[in-house]
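Asks: Make one complex out of these two single chains by using the hints.
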Amino acid sequence: MDDPLGRAGEQPSTGVPSRPRLSGHPLVRIVVVLLAVVVVVLAGHGAQRAAQRGVDAAHDPNRGGDRVFETQMETVRRQLSEQVPAASTVYFKGSVNSLWYQRIVEFAAMDGIIVVPDAARADYDLSVVSAPASVSPGGMRLVVKRIG
Amino acid sequence: MLASLLAVLMVVVAGMPIGYVVFRDLRFALLIAPLVTALSAAAAAILMLVVGGDLLWWLGPLLVLQWAATPVLLRRTAPPAVRAGTWADWLWLVVPLLLPFLVVVLPPTAWDANSIWWLHAAYFTKGATLAREYLGLPSVSFSHPDYPPLESAAVGAVWSVLSGYKLYVAQFVSAALSFSSIVMLGYAVRVATNRAPALVSRIAAACVALAAWGAEPTGVADGYSDVLWAAAFAAAAVLLLLRPEPLRRPLLPVLLLSGVALTKNEGFVMAVVLAATATVRMRRELRRAWVLWVPVLAGGVWSLVCRHFGAKSDVTSSVHLGDVLRLDPAIYDRLSPTLSAIWSTVGPLVAVAVATAVVGGILLRRQRRTLELGGDLWLWALVAVYLAVLSATYLVSSNPITWYLNTSITRVTLPFALVATASAVCWAVVALTGGGTFGGDGATIRREVGISQDQSQEISV
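Chains as they are written, first to last, in our numbering: chain W, 1 to 148; chain C, 1 to 461.
Beta-carbon label-pair distances, calculated as ranges:
{"no.": "1", "chain 1": "C", "residue 1": "9", "chain 2": "W", "residue 2": "74", "range": "22 to 28 angstroms"}
{"no.": "2", "chain 1": "W", "residue 1": "58", "chain 2": "C", "residue 2": "91", "range": "20 to 26 angstroms"}
{"no.": "3", "chain 1": "W", "residue 1": "130", "chain 2": "C", "residue 2": "329", "range": "40 to 46 angstroms"}
{"no.": "4", "chain 1": "W", "residue 1": "95", "chain 2": "C", "residue 2": "291", "range": "44 to 50 angstroms"}
Heads up, simulated EDC-like pairs for lysine to aspartate or glutamate below, C-alpha to C-alpha not over 20 angstroms straight-line:
{"no.": "5", "chain 1": "C", "residue 1": "166", "chain 2": "W", "residue 2": "70"}
{"no.": "6", "chain 1": "C", "residue 1": "312", "chain 2": "C", "residue 2": "133"}
{"no.": "7", "chain 1": "C", "residue 1": "126", "chain 2": "W", "residue 2": "111"}
Stretch by stretch, here's where chain W covers chain C in the computed footprint (C-beta under 8 angstroms, at least three residues):
{"no.": "8", "segment": "94-104"}
{"no.": "9", "segment": "138-152"}
{"no.": "10", "segment": "354-364"}
{"no.": "11", "segment": "419-432"}
These aren't lab readings, by the way, just hints derived from the structure by calculation. Here the structure is a predicted model, which means the values were calculated and not measured. All C-beta atoms in this analysis are idealised placements derived from N, C-alpha and C, irrespective of residue type, glycine included.
Okay, chain C solo, but in the shape it has when bound (with noise of 0.2 angstroms):
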């Protein structure tokens, strides 16, 4: 337990500094930070594979690099911070969640989280030769060796320091990053809220990270990524979709994006979809919005690299366009079980949060844009396109399809129910407040602090 913790209390520390350059509040840095320590694994693994050497050999400068730049980045990236987050909001976000993360202490024997997650962090530690071999050994090739690196690299940084292999410490640092991505979720939603009432925004905030158990309750911890994606997609997608000019500050939501795009195929091709969304969205200014596709670029060079090792994807590998063109009825007998398990596992949860926000959409309008949320077409157009994404995948898999919807149906339908969450309990939030905000409008907000429309603009950039 204690090589667990002290595990964690390491992904913690070093991503620090870049949380702290996020959030200028050493309490909401400790959140963010162990995603923060997971990307730079990732960056640290690529690197290894691509240029040579050890995991912490690349891992160990490039965190020494943020601690350096830190300075530079707080005076170069950082709008004042009119005021940090108050103890409430953060303990609004982080205590609901404890209880049902207690799951991490059950056993690490996770089908999964061995013989994909942590076996891939185990030749992640044994250094550039023998991991890109490992990427192509036929003998491996059940575990998925295309899979993107953020957790495995991190279990692996963290197995490179601390000796023994030991499972728990793989689990406890899984679990701090599904962790830092669910509060990620809270925050977003607390900050899309922002200008309801502070105890319904908490609420709020808190309901939606709560969703993140989904229909697998022990998905949280026990060394499985989906969480960890879907809640950084969905943290995402509610701050660059429903908040209005998201791309002034972009340095979170970037962050986010690139843990989607690193840690899941599917995550890396709803990062690109978000990407494309928050794009269109942004039309207006579009000189901003190229930062959005740094996370995709990092998506798409892992995606090269493993495949230039040898690793192969059971789904692209499996595709033949020409059964699919021609409508082979091997293929598209399998669309009706797809649909039919997703229905059951997520259906009436996205269908009672699409009334919510048809009836929100076509009679509270007005009092949404009082609150400044923006419309959550926007992420049903996301629910719409992973619906797309996930029933092609289910198609072109040459897995037998029962079996393959029994072993995944709960995990990868969890983007839906969080959107679908997320969307819904924003609407509850606007017919809550009835549109109203803290103190009033915007005008009233910024007579209360002494600023003009333009001064807000100004310190806003």
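The shape of chain W in the complex, shown without the other chains (with noise of 0.2 angstroms):
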């Protein structure tokens, strides 16, 4: 392999049958080996879990994940590129930390909206609502009124 690091005048190892030169106390190599397996072990259970979830979804897509919560997503997103004007300023009533708040002032930012925190200064007040899925794919729709 080479060494991007340099030391570029060794070999480095490549698969060359080698008779690695024993030393130290074949029990204390045995211990430090055992050892890191148990570390190696614990620490690549994430590794196994991701891919056994990984194959599930690949396998069926609705398994793994929140796909509702996807469509819901991209409902509301959808909605606002199409009600609310680039460069607009919106207001949204909600704790700053709730999750529709958060996702509202993301896809304002993706058409230049901005969201201000007080509604005397919003062009428009938006709030999300659950609505039929087959009026609003998702369950959830997004309620845009016009302030003034």
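Replies: Shown next as structure tokens:
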């Protein structure tokens, strides 16, 4: 392997049969290897879970993650783009820590819309409400009211 | 899906020239290219905010400059490559990661990915004026606008080219960056254990890389950036602290360290710590160590720029030094749950790794030296400092401690797991080989390639 850190004069190991010079007490070496194996097993658990989850999701897209929420996000985002012009200011009532507040800020940024903290400075008042999935895919709908 | 794959292709192609300068090998250049592109995009975002204009106005010329400068860089910085990396090395680095990376197909709905990284990416695409305004907007304060720009700038750059702000595109680009960082961690271990038999070294590299999934299995590919900085940090630490004379060719560790400093705030702090640790380790060649401080400078510039435009940090703005100094119980009562949460997430893993290092350090030190592996006390020093940094962050934050820990501890403890795994795996390599190296010791290696020690040192410069 090329070593980008230098030491280019050294021949890296590349699979040529080698006979390592054994040293160190065998028991010590076994203990160290076993301890390291425990570390690797503990550390690799996440990768194993991810592989399982990824395989499941690749086989059946509806099994992994929250597809309904994804649809709701796409719907609300599309409705914001369609109903609020770029460069507008909007007000969204709700805690800044609430899910839809944060999604609205995100989608607004994509459209160059500014979310303001008080309705008096806003062109539009926004809210996200439940709606039949037949009307609004995912079951959430953006309500847009012109202010003033 | 096509747009997502096209996006990944873009971040790979854009970073290829510098990737090639680093590796002198197209296959390995592919692996670091996304990280190089993201660093370029971060630089472009900072320039945009400082000077004005659009993200692509800056990124385009930066990339063209890199392409144009490549021949010069190849002439001026390249030591002659004795041999390129083999396909076996490449496959051992890449293939084990593919299956766990399938989580990238999950819906792009992760909270912080949307609320922080892709929100920042969105306003980076809107040009300097709006981006500056967003940094200081009260309505955006929840998204930590002070967080460094690496991932967001890369996503923003791709969104600027591919219209539609597709969230899957953002997720694939974010995952490509994490992938690049994780592969570099594996590569760093491969390089550090280079004197062991190839198969042992390759397996060691794969084992450490697979630790990057940690306690948050989807975190590598859901748009969060914790894996990105943690893997780059561990990789830079292995290269700088376990290799002999790492400053002879510092480009890769400097790129990785830049990624650490420009991805997250705790990454920036740890980039400073790692640069300082490596400088102390290489105190006899301070003339060269300055280069390690370039990433720190970049992180510092971002910190100043974002604060200039009104971005506030939830951590630093909530610190009350007086309360800290007079041991306010409201602050120090948070210590116990913090340490408890850290222990329950990575404690057993780190404890076994410490035991491995202690046994190895006492009984296999000589064999380790034969493999030219640096002492891993340096690595454990980083772990200790990060424990202090992380604990202090939880202590001084104004967030409710239970909520704060529940929403973050599995992600932010990843550096512990990665450094501990790297340490344990390196000791396992020492134990497995008994200190025996490929074909014997360094003198034998030099004989095999037909050069003297003096020539070897000359070439390695």
